[in-house]
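*Asks:* Assemble the dimeric complex from its two separately framed chains, guided by the hints.
Below, each chain spelled out in residue letters.
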Amino acid sequence: MSAPDGVGGEWHADDIAERSPAVYAVVVDGEAVLLDEASDRLHHLNAPAALVWACLDGHTTVAALARELSDELAEPYDAVLVGTLDIVSDLDAQQLLVPRPPKDAPGTRVDGTSEPAVSEPLEPRWRRRPDALWRRGLDAVLVLPVDADEPVMLTGTGPAVWELLAEPCTVPQLAAVLSEVYDAEPATVEADVRPVVDELVRLGALESP
Amino acid sequence: MRTRPFDALGWSFVVVSDDDRIVEYVTELYAGLADLESEGIVHEYRIEESAPGEHDLTVDGERLGADGDPSALVATLVHDVNRRAIDTTELLAVHAGGVVGAEGAVVLPAHMEAGKTTLTAGLVRAGFGYLTDEAVAFDWDTLDITAYAKPLSIDPGAWTLFPELEPGAPFEGTGYKANQWQVPAGAIGAAATTKRAHARYVVFPRYRADARTELEPIGRAEAVVELARNTFHFRTHGRRALDALARLVPSLDCYRMDVGDLGTAVALIGDLAGGTT
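So the protein sequences, as listed, match chains A and B.
Number 110 in the working numbering belongs to position 110 of the first sequence; there are no gaps in the numbering.
To convert a position in the second sequence, counted from 1, into the working numbering, add 209.
Worth flagging that the hints you see were computed from the coordinates, not collected in a lab.
It should be emphasised that the depicted structure is a prediction, and the values quoted were computed from it without experimental measurement.
The C-beta atom is built at its ideal place from N, Cα and C for all residues, glycine as well.
Treat the hints loosely; a few may be bogus.
Stated by the list, open to error - Cβ-Cβ distance ranges computed for the label pairs, FRET-style: (1) B:D229 with A:D131: 52 to 60 Å; (2) A:G58 with B:A476: 46 to 54 Å; (3) B:G398 with A:A54: 47 to 55 Å; (4) A:P21 with B:M210: 52 to 60 Å; (5) B:D244 with A:P124: 37 to 45 Å; (6) B:R230 with A:P130: 49 to 57 Å.
Chain B on its own, in the form it takes in the complex (with noise of 0.2 Å):
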């Protein structure tokens, strides 16, 4: 049994698994990306038996990992599509988290643990549209985004903040929400995917505990360092990268925000980007 083909930011793929319960939960997952728009090469994921009791994930005959659980392969291909998706993509790509509201997109580019995919995943809950929890795509000319809608990779530490995103799939082992929770934004319930967008706010969130959660508008020089420190493969791109967000944050509000408590985040967002879709 296989997916669908998806497309992730170009990188084109389908899974192919001879566990039904696999090839179900990954088309869940991946719901909320987009049909191939061209033809081109499709990446192959496999996740089979290897062995009596043991698992191996394959992407175009190439073992990326093994377990006994089978479900616990999903979340190592869903950071293998990641990887792929970004480092092969033709767009301009930041490392942020994206939703839609009324007045437009709001970006909200960080690093690793400063609470990116937690941010997303309130606003998403609020009933922000979702474009992504990991790479803000733009294009090069018209700076427009197109939405990567990955599943939501939510850490431990959030958990408790999102009780009824818990997954829950038909698996013997939990191996699939061991160390993360991979979470399609369709299972927040929220409004459905936004495909393309605008960017109209930008927010570099930063978690901090017990801090004051409030936003600082920041100007707009200042805005196009913090993108680009944010930019995938930014050394690569170079002048290109930064011509295009020069051209990028006229249209933008620019803020930076520590978060210490998410409710008042996600409002504070919501008062500024006007809420729903």
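Looking at chain A on its own, in the form it has when it is part of the complex (with noise of 0.2 Å):
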């Protein structure tokens, strides 16, 4: 086996994929919902997806797990390892498999394309948009949205939220960062901001990158 470093590396044909004992899957009408626990993360896989994901058992190579679903679904073996490549990387790249060891030996090299059968994170990042006019108060942050007819003023954790959305991020980043600064329950900080945010996005004062 090959096995490039780290997570989001190139897949190769002969590599082997395990799902990770972090995440939590269940099945509805063939597709699948993952629950990464490690990251208190949701991920949606469509059909495709969820038969590979089911099917990456640690010991299986990728290109085994082609020719397999390959007479199953009756479907061009070439075709279907390039698709299988595809998953499994979209699946690396969220952090939903086992890490793979130090790459010890080259391995084949898949080229080729296909739609992305792992959804993005369903959580969408946000920044600020960087026509919104804003000005920073004693303890407060007012926010002219370039479409908007009145400032919004932040106050609370506004501010801070404001501040972080310099970077694109996800609520639940944004409120694990503030549970750390105030030392509160993430679930607890994270329902605070996120009104805020959907009415920032509302307003039109934050864009998703």
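*Replies:* Shown next, in the form of structure tokens:
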């Protein structure tokens, strides 16, 4: 087997993938919903990705899995292999697989693209729109989105949220940072932060990169 | 004077006040809540004059707020009951409105400000049975819904849609309706509050001013993700909640709905769920 270092590297036909034990899955109508308990994130897999996910046993190479699926689905092996590699790469990029050991030999490179089968993280990432005007006060931030008639004043945790939104981040990521700052439960912080972000999105002060 | 004991998803409480109007008002607001099903701790809210012209709201002796206008403390009470009901319930609670039509319950999960209460109120006004405007509570095993018929908390942005629901209580002050209207489902004049129901539809509403109002079917796996995102304390329940939601959705038809016009939204759900009970 060959394996590049770390998460997100290129996958090859003779690599072996294994589901992370921190991920719990339910299957609904042939699709899958994954709960990554390490990051508290949910993922939605379409039917092909759910099928591949179910087969990642930590023993079978991607090539062998593709061969099995090719026979099962009566689809050309090469196309199935490309699709399977894409799915495994997506799962790996989302940190849903057991990390691979360091690479010890070159593997087979497979070129080709297909539609991503694993959804992006379902929690959107947000950042300040660069055209939103804002000014910091003593304990508040005044934001004027470009299309808004009136500014909105952020108080409480709002200024900290606005500060963090200089970089793209999800609501859970905001909550994780602020829960450290305020020494509070992330779930509690998230319940406070989400309406603020929702309102800023509604007003057009944020954009999804 | 005190109210009868109420049960809010397992949070049992009475309200005591030295002002009979407060007790009568709260009794009316919570008329839809169930009686106690079993003996246990009954928490005691008190709204009483603490000093000349000053009133306190307490629960089991813990001070929750103070105001010169005692009626203004009712909104604080409603929010406190809501928070404690959701935090202490042993049921699987989803942040959602809920109504019952002829073909079963319609669950309307959404975050704050998505228009849950507005849509729920519109559906109740159209004749649907009322379950809740805040938390649809599922039994972990049977997945039956237990009603949480709190007063509908209608925000100012929706007041013009429901002018007939403006509260009119006999208080000197207007604190009880200054920031939000608390409206008992009975005041909307629709079907009697439903105590239990089984979900048949889930619709994820999203208010968008001027948007075309339409239902869009979605897959059940996607619905599980959205339900999970709207489940209170999902991180605590984890796998158990995901399993329950995965068992729930096979019996549901699932939709998203952009809501730009309340009347159209109510009509679409009426066509979907068979109108009134």
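*Asks:* R230 of chain B and P130 of chain A, beta-carbon distance inside 49 to 57 Å?
*Replies:* 54 Å, holds
*Asks:* Verify the CB-CB distance for G58 of chain A and A476 of chain B against the hinted window 46 to 54 Å.
*Replies:* The hint (46 to 54 Å, Cβ to Cβ) holds, given that G58 of chain A and A476 of chain B are roughly 53 Å apart.
*Asks:* For the pair D244 of chain B and P124 of chain A, does the Cβ-Cβ distance stay inside 37 to 45 Å?
*Replies:* 44 Å, holds
*Asks:* Using the Cβ atoms, figure out if G398 of chain B sits within 47 to 55 Å of A54 of chain A.
*Replies:* 52 Å, holds
*Asks:* Does the Cβ pair P21 of chain A, M210 of chain B satisfy 52 to 60 Å?
*Replies:* 58 Å, holds
*Asks:* Please test the hint of 52 to 60 Å on the beta carbon pair from D229 of chain B and D131 of chain A.
*Replies:* Holds - the Cβ-Cβ distance for D229 of chain B and D131 of chain A, about 57 Å, lies within 52 to 60 Å.
The structure shown violates none of the earlier numbered hints.
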